[in-house]
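In the order they appear, the protein sequences are chains A and B. Quick note: our numbering has the first sequence finishing at residue 348, numbered continuously throughout. Quick note: our numbering has the second sequence finishing at residue 347, numbered continuously throughout.
The hints are simulated quantities; they were obtained by calculation from the structure and are not laboratory data. Quick caveat: nothing in here was measured; it's all calculated off a predicted structure. For every residue, glycine included, the Cβ atom is placed at its ideal position computed from N, Cα and C. Some clues are possibly wrong.
Below, in silico cross-link-like pairs of lysine to any residue (SDA-like), each with a Cα-Cα straight-line distance of 25 Å or less [as the list claims (entries may be wrong)]:
{"#": "1", "chain 1": "B", "residue 1": "Lys322", "chain 2": "B", "residue 2": "Leu143"}
{"#": "2", "chain 1": "B", "residue 1": "Lys272", "chain 2": "A", "residue 2": "Ala333"}
{"#": "3", "chain 1": "B", "residue 1": "Lys196", "chain 2": "B", "residue 2": "Gln146"}
{"#": "4", "chain 1": "B", "residue 1": "Lys272", "chain 2": "A", "residue 2": "Pro331"}
{"#": "5", "chain 1": "B", "residue 1": "Lys272", "chain 2": "B", "residue 2": "Lys322"}
{"#": "6", "chain 1": "A", "residue 1": "Lys30", "chain 2": "A", "residue 2": "Glu300"}
{"#": "7", "chain 1": "B", "residue 1": "Lys322", "chain 2": "B", "residue 2": "Asp303"}
{"#": "8", "chain 1": "B", "residue 1": "Lys196", "chain 2": "B", "residue 2": "Tyr56"}
{"#": "9", "chain 1": "B", "residue 1": "Lys272", "chain 2": "A", "residue 2": "Trp163"}
{"#": "10", "chain 1": "B", "residue 1": "Lys196", "chain 2": "B", "residue 2": "Pro210"}
{"#": "11", "chain 1": "B", "residue 1": "Lys322", "chain 2": "B", "residue 2": "Asp333"}
{"#": "12", "chain 1": "B", "residue 1": "Lys272", "chain 2": "A", "residue 2": "Leu330"}
{"#": "13", "chain 1": "B", "residue 1": "Lys57", "chain 2": "A", "residue 2": "Ala333"}
FRET-style restraints, in silico, Cβ to Cβ [what the hints assert, rightly or not]:
{"#": "14", "chain 1": "B", "residue 1": "Ala145", "chain 2": "A", "residue 2": "Asp227", "range": "43 to 53 Å"}
{"#": "15", "chain 1": "B", "residue 1": "Ala145", "chain 2": "A", "residue 2": "Arg164", "range": "46 to 56 Å"}
{"#": "16", "chain 1": "B", "residue 1": "Gly18", "chain 2": "A", "residue 2": "Glu226", "range": "43 to 53 Å"}
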Amino acid sequence: MAIATATLQGLYEQMLLIRTFETEAERQYKAARIGGYCHLSSGQEAATVGAIHALDADDLLVTGYRCHGFALARGVSPEAVMAELFGRVDGCAHGRGGSMHLLDPRLGYYGGWGIVAGQLPIATGLALALVRQERPQAVLCELGDGAVNMGAWHESLNLAAVWRLPVVFLVMNNEYGMGTSVERASAVTELYRRAAAYDLPAERVDGDDLLAVAQAAATLLEGAREDRQAAVLELVTYRYRGHSVADAGLAYRTRGEIDEHIRRDPIFRVRELLAQEGVSDEELDQMLIGAEERVAAAVEFALASPAPEVATLARGMYAPGSAAQFARMLPGAPFGERALVFAGGLGE
Amino acid sequence: MSTMAAPPIAAATTGLDGTATMSYREALRLALREELARDPRVFVMGEEVGVFDGAYKVTQGLLEEFGGDRVRDTPISEEGFVGAGVGAAMLGERPVVEIMTINFLLVAMDQVINHAAKIGAMFGGEVRCPLVIRTPNGAGNQLTAQHSQSFEGWFAGTPGLKVVAPASPADAKGLLKAAIRDDDPVLVIENLSIYKERGEVPLDPEFVTPIGLAAVARAGTDVTLVAHSYATVRALHVAERLAQSHGISAEVIDLRSLRPLDVETVAASVAKTSRAVCVEEGWPSYGVSAELAARIQHVCFDDLDAPVERVGMAEVPMPYAKALENAALPGEDRIEAAVLATLGLGR
């Protein structure tokens with residue numbers, strides 16, 4: 001794929017930002033500023049950035065829960081993402097979602113979702129809405145290799161095919177669904193071949209090859225936009241860290257296997273490309289420093305952002321105007337609901 | 001306690017100009033037709049809603065009138081098309097998803113509970129999900145264990161959802177329209193046994209039944225029966241029977257909404273009668289009647305002259321044989337016995 005050096009440089013900076021962000025997120029998690037689950041994507045930067053690069057500005061995106069990188073690549077600010085991980089009001093979900101539930105509808109990003117494959121039917125619905133609204137965009141729906149064994153995968157591919165919906169299912173095959181390898185989980189280990197069951201076009205590419213990813217995603221997204229042709233894109237990649245921060249990632253694979261992948265690091269591969277294009281080592285090093293500065297600023301921002309007020313506990317749960325509907329439920333409201341939920345305004 | 005009087009069900013349904021007598025099923029269809037005509041964002045989808053005219057004929061004729069984009073047949077794929085409804089709603093559409101019976105909603109439970117119900121809160125109010133799911137509950141036609149269930153309590157116990165359960169044709173129209181116009185996910189519980197029930201229905205296209213407002217379906221002074229959906233119809237029959245046979249004046253509260261639940265109207269009635277019988281078609285353990293009993297004892301503790309009684313489906317998977325099915329249903333005899341017990345007259 002022909003790509004201008006300046007563009008490639010921008011993508012490289014995004015990859016650096018994601019890697020640096022994830023490294024810092026793990027550090028902050030261990031410092032107990034981040035709680036809950038925290039699924040890192042270190043090692044998957046080429047797949048993430050290449051696929052998002054293929055999106056038009058008004059295309060839509062949904063993802064699973066390993067979503068920090070996708071949010072950042074789509075343009076959610078590191079500040080808004082870090083503040084969300086910290087559970088602060090300036091987070092992209094105002095501290096309600098955390099690591100797995102990042103979003104920004106203004107950027108067409110309709111969520112990180114936490115139930116494996118649950119986002120797939122929703123992606124088909126977003127695509128259906130695009131069709132009904134006669135909009136020419138497409139939906140990119142990210143999922144992991146574990147999701148292809150769920151019923152929602154089959155139902156969604158079938159609906160996308162029979163209704164001709166503009167959605168591309170992006171399978172991030174990082175070789176393990178939690179700790180279970182693709183070989184142990186799937187009768188067909190080349191996951192893209194499953195698309196044949198629904199007569200959908202599909203490709204499998206090296207997910208650590210940024211340009212190959214961007215090229216394949218662009219082609220399939222174009223088919224979705226122009227011909228309402230749903231498709232499957234399998235990106236073969238690898239996650240360096242465990243399933244989540246709580247998993248050391250060594251019970252089901254060896255240190256040697258991880259090191260083998262790190263030797264072929266996708267970020268280093270793009271650095272080599274840029275070096276071939278004449279970008280100096282000094283400039284390349286400066287980009288890493290820039291990423292580190294952005295992430296440090298994001299941490300500062302998140303630390304300064306306040307925790308949500310307890311009085312806003314019920315914020316957003318119901319649409320504005322709902323409080324009147326709930327007013328007659330107040331008598332006998334149990335378990336502090338009266339003070340916490342009803343006094344919290346139910347979004348009013 | 002201060003209480004806004006709930007309007008009697010009859011006020012909205014009889015004696016007014018601009019009403020027509022129709023079945024519950026036809027009232028639902030009228031609501032769909034009016035909302036499809038009013039708002040281009042509204043579309044209907046589900047199994048057999050189009051070419052087949054609806055498994056229970058609620059959507060009869062709508063495909064012909066509005067076309068396949070507005071009235072969309074789906075494969076047998078509940079998780080897929082309920083989720084598609086969620087996604088379309090997130091992008092501003094107004095999907096009305098029909099699930100053939102509530103039993104089949106269980107295979108889409110992940111989309112309803114883990115997804116639709118979470119969107120508003122989990123994403124900090126950044127995106128909404130104005131989805132309607134309509135589905136009948138109920139039992140009584142020898143449909144047996146997998147097709148004779150009433151799970152609305154599960155959904156009504158889930159923050160983030162709204163659940164309504166009309167008992168009359170007028171409210172079938174009014175609540176379905178309110179659900180479609182609502183900005184949150186609303187589950188509309190219909191009922192297999194009352195699709196054919198007839199009543200007066202307002203023809204005004206702007207008529208809606210407010211969500212969160214119960215109705216006094218029958219006024220009385222001696223005992224309060226609290227019910228929803230088909231249990232309301234049974235309760236009204238029992239109230240009439242008891243008036244005839246025992247001279248008992250039973251008040252029947254039709255909840256109409258389960259979440260939000262109109263505790264005020266229930267409490268005002270129990271404060272007056274001092275006795276409550278909660279009736280539902282579902283299993284009472286952990287059910288709607290359990291929730292009602294808890295609320296009533298909390299709010300009306302000083303008013304009660306008897307323990308709150310509950311009547312629901314016998315706690316077995318519904319059997320096939322007619323005699324067994326009849327025994328398991330919360331039939332009028334069982335409701336009557338509970339009312340008499342509450343009044344110290346039976347058992």
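Hints, one by one, checked against the model:
At roughly 10 Å between alpha-carbon atoms, Lys322 of chain B and Leu143 of chain B fall within 25 Å of each other, so this suggested pair holds. For the suggested pair Lys272 of chain B and Ala333 of chain A, the alpha carbons sit about 21 Å apart, so the restraint of at most 25 Å is met. Straight-line distance between C-alpha atoms of Lys196 of chain B and Gln146 of chain B comes to about 22 Å, which keeps the hinted pair within the 25 Å bound. Taking the CA atoms of Lys272 of chain B and Pro331 of chain A, the gap is near 16 Å; set against the 25 Å cutoff, the hint holds.
Straight-line distance between C-alpha atoms of Lys272 of chain B and Lys322 of chain B comes to about 39 Å, which puts the hinted pair past the 25 Å bound. Simply put, Lys30 of chain A and Glu300 of chain A have alpha-carbon atoms about 17 Å apart, close enough for the 25 Å limit, and the pair holds. With a C-alpha separation of about 40 Å, the suggested pairing of Lys322 of chain B with Asp303 of chain B is violated against the 25 Å cut-off. This hinted pair checks out: Lys196 of chain B and Tyr56 of chain B have alpha carbons roughly 10 Å apart, not beyond 25 Å.
Taking the CA atoms of Lys272 of chain B and Trp163 of chain A, the gap is about 56 Å. The hint is violated against a cut of 25 Å. With a C-alpha separation of about 23 Å, the suggested pairing of Lys196 of chain B with Pro210 of chain B holds against the 25 Å cut-off. For the hint pairing Lys322 of chain B with Asp333 of chain B, the CA-to-CA distance comes to about 16 Å; that is within 25 Å, so the pair holds. A distance of roughly 19 Å separates the Cα atoms of Lys272 of chain B and Leu330 of chain A; the hinted pair therefore holds under the 25 Å criterion.
Taking the CA atoms of Lys57 of chain B and Ala333 of chain A, the gap is about 39 Å. The hint is violated against a cut of 25 Å. Here the CB-CB span from Ala145 of chain B to Asp227 of chain A is close to 46 Å, well matched to the stated 43 to 53 Å. At roughly 39 Å, the beta carbons of Ala145 of chain B and Arg164 of chain A sit outside the given window of 46 to 56 Å. For Gly18 of chain B and Glu226 of chain A, the Cβ-Cβ distance of about 50 Å falls inside the hinted range of 43 to 53 Å, so the restraint holds.
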